[in-house]
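Engineer: What follows is each chain in one-letter form.
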Amino acid sequence: MEEKNSVGIVKPSLFKCSIPLKLECGITLDSYELIYETYGKLNKKRNNAILVCHALSGNHHLAGRYSSKDKHPGWWDNLIGPGKPLDTRKFFVVGVNNLGGSHGSTGPKSINPKTKKVWGSKFPIITVKDWVETQQALLSHLGINRLASVLGGSLGGMQSLQWSIQYPEKIANSIIIAAAPNLTAQNIAFNEVARQSIITDPDFSNGDFYQENKIPKRGLRIARMLGHITYLSNDVMGTKFGRKTKNKSYQYNFKTEFDIESYLNYQGDKFANEFDANTYIRMTKALDYYDPAKGNPKNLSKILKKAKADFLVISFASDWRFSPDRSKEIVKGLLDNNLKVSYAELTAVSGHDAFLMDDVHYHGIIRSYFKKIQSQL
Amino acid sequence: MKKNNQTNRYDFNVIESWVHQNSKVLDLGCGDGLLLNHLKDKKNITGFGIEKDKDNWLLSLKNGVDVIQMDLESGLAGFEDNSFDTVILSRTIQSMHNIQSIISEMQRVAKEIIVTFPNFGYWRNRFQIIKGGMPLSKELPYNWYNTPNIHLCTINDFDNFCTTHKISVVEKHIMTDQQAVNFYPNLFGALALYKLVKK
Numbered sequence: 001m002e003e004k005n006s007v008g009i010v011k012p013s014l015f016k017c018s019i020p021l022k023l024e025c026g027i028t029l030d031s032y033e034l035i036y037e038t039y040g041k042l043n044k045k046r047n048n049a050i051l052v053c054h055a056l057s058g059n060h061h062l063a064g065r066y067s068s069k070d071k072h073p074g075w076w077d078n079l080i081g082p083g084k085p086l087d088t089r090k091f092f093v094v095g096v097n098n099l100g101g102s103h104g105s106t107g108p109k110s111i112n113p114k115t116k117k118v119w120g121s122k123f124p125i126i127t128v129k130d131w132v133e134t135q136q137a138l139l140s141h142l143g144i145n146r147l148a149s150v151l152g153g154s155l156g157g158m159q160s161l162q163w164s165i166q167y168p169e170k171i172a173n174s175i176i177i178a179a180a181p182n183l184t185a186q187n188i189a190f191n192e193v194a195r196q197s198i199i200t201d202p203d204f205s206n207g208d209f210y211q212e213n214k215i216p217k218r219g220l221r222i223a224r225m226l227g228h229i230t231y232l233s234n235d236v237m238g239t240k241f242g243r244k245t246k247n248k249s250y251q252y253n254f255k256t257e258f259d260i261e262s263y264l265n266y267q268g269d270k271f272a273n274e275f276d277a278n279t280y281i282r283m284t285k286a287l288d289y290y291d292p293a294k295g296n297p298k299n300l301s302k303i304l305k306k307a308k309a310d311f312l313v314i315s316f317a318s319d320w321r322f323s324p325d326r327s328k329e330i331v332k333g334l335l336d337n338n339l340k341v342s343y344a345e346l347t348a349v350s351g352h353d354a355f356l357m358d359d360v361h362y363h364g365i366i367r368s369y370f371k372k373i374q375s376q377l
Numbered sequence: 001m002k003k004n005n006q007t008n009r010y011d012f013n014v015i016e017s018w019v020h021q022n023s024k025v026l027d028l029g030c031g032d033g034l035l036l037n038h039l040k041d042k043k044n045i046t047g048f049g050i051e052k053d054k055d056n057w058l059l060s061l062k063n064g065v066d067v068i069q070m071d072l073e074s075g076l077a078g079f080e081d082n083s084f085d086t087v088i089l090s091r092t093i094q095s096m097h098n099i100q101s102i103i104s105e106m107q108r109v110a111k112e113i114i115v116t117f118p119n120f121g122y123w124r125n126r127f128q129i130i131k132g133g134m135p136l137s138k139e140l141p142y143n144w145y146n147t148p149n150i151h152l153c154t155i156n157d158f159d160n161f162c163t164t165h166k167i168s169v170v171e172k173h174i175m176t177d178q179q180a181v182n183f184y185p186n187l188f189g190a191l192a193l194y195k196l197v198k199k
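Sequence order for the protein chains is A and B. Using this note's numbering, the letters of the first sequence map in sequence onto residues 1 to 377. Using this note's numbering, the letters of the second sequence map in sequence onto residues 1 to 199.
Just so you know, the hints here were simulated from the structure itself, not pulled from any lab data. In this text, a Cβ means the ideal position worked out from N, Cα and C, and glycines have one as well. Any given hint could be a false lead.
Quick list of simulated restraints, FRET-style, between CB atoms [unchecked claim]:
1. B/129 x A/317: 38 to 44 Å
2. A/4 x B/147: 41 to 47 Å
3. B/97 x A/274: 48 to 54 Å
4. B/97 x A/247: 46 to 52 Å
5. A/340 x B/97: 26 to 32 Å
6. A/44 x B/142: 33 to 39 Å
7. A/308 x B/129: 51 to 57 Å
The shape of chain A in the complex, shown without the other chains (with noise of 0.2 Å):
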């Protein structure tokens, strides 16, 4: 059966980077490997190449599907395919699961060359600085010497604002969907409980859960059900889930009562059969440690004198996650440089998830900005 608009069946490729890659944490990684896929083809200026960066818990696999009967698309298949927002008919359109991650990336549970061992707890905290510095790597090796855009949504967004810092000769625009120049101290605080919920669960065994056979189920469900309450809006969990029951008449005990408590329970449970704990309390690091202004908000002005791209800053009024306040404060940094800067506030309801939503005007926003974006190639 032929998807209308998909970019059909997919794979991902592998790239082994044997350059040593000195992180910011001071450890030194001799070689890594990134997985990765792209979507349509770049042109002869090689010019047309699009990156798109995940979030806490997003991978490479951004659209298609890996085989007929696969259930589900990439995770922003909405947005990228033939005549979608992102056309892959005009873009080259590359993702990659960020070093550290648990899709095919180097990471926690992979093998250290070193000591032949799954690196498990002894697995590096990665930054977003890191990630940068990889995703370079990745592309160089694909031939891509300057980026049409590098586009992303929450971490993903971070990861797009520090590319026009720290490459900003190699990228030519910069979107930055619901993000924040940092995060705030409840931000950091939801993080923490996260973890802690990981961290405390006796299968997590520091880490090194992999040779026991065992995975920390409980607090990765706990972590992500946490994650997903912070990523709604108090009114879109009203609507959908109100004060629904499952039965007609309250059943007095502990089990699953109310339709939101079967929503998290689903989603947590989900989550633990398939992400990697030690990646999960990982990405979260990323995110509290991600400032690059360094706690001073005149800083960001500064920072960004380095920047050359154009931008495109959307937030979503609902996200109570990553507010709009913190979305201007981006803007503000770019207007006190002079840089070329649209800002879309969207009334989307549904809180931080809404940049994965599937809107008319908000897809309208980003198909004109790659209108543009395309026009200038």
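Please build the complex by placing chain B on the supplied structure of chain A, with the hints as guidance.
Structural biologist: Here is chain B on its own, set in the frame of chain A:
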């Protein structure tokens, strides 16, 4: 489209003549962004538009304008003092709640400010009121119950406002149907354009 290209041409030209070559311009309530594009073409300006309405915002983006979505009622936070040469408020002031605050914000971010508004003192408006109804015209196309215009004023009112608030009028142009009006402008002018600086 909010602003009609044809009727706008002439006030675009007046505004263009008041804007300096290669200057930096901020257009508040930029609509579809065509005024900024006109100024880019004719005066090689750089700048931004501000637009609250999501459909107009998208039109501006499509027209190649760098546009910030925000509500002018909350001021111009995010824009540094004197960061623009000219700030324009074209056919928007009459729909704003706090006129004093937006004018003072405009004075903060730019040296020169341009304000245009429909003249409520225009004879056709007066005549419609004498006949007993609220005015409906090309400049005032809304019914009383759905109009966004809450602070309509006449040319005399605006002159008094400028005097009271110590604002110097450096240029003033009154027009009707693309023609300049010099004879009893408060009676015969449909649209008023002002270039202002701080006293």
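Engineer: A separate judgement is required for each hint: does it hold in the structure or not?
Structural biologist: Against the structure, the hints come out as follows:
{"no.": "1", "hint": "B/129 x A/317: 38 to 44 Å", "in the structure": "holds, 40 Å"}
{"no.": "2", "hint": "A/4 x B/147: 41 to 47 Å", "in the structure": "holds, 44 Å"}
{"no.": "3", "hint": "B/97 x A/274: 48 to 54 Å", "in the structure": "holds, 51 Å"}
{"no.": "4", "hint": "B/97 x A/247: 46 to 52 Å", "in the structure": "holds, 51 Å"}
{"no.": "5", "hint": "A/340 x B/97: 26 to 32 Å", "in the structure": "holds, 30 Å"}
{"no.": "6", "hint": "A/44 x B/142: 33 to 39 Å", "in the structure": "violated, 53 Å"}
{"no.": "7", "hint": "A/308 x B/129: 51 to 57 Å", "in the structure": "holds, 56 Å"}
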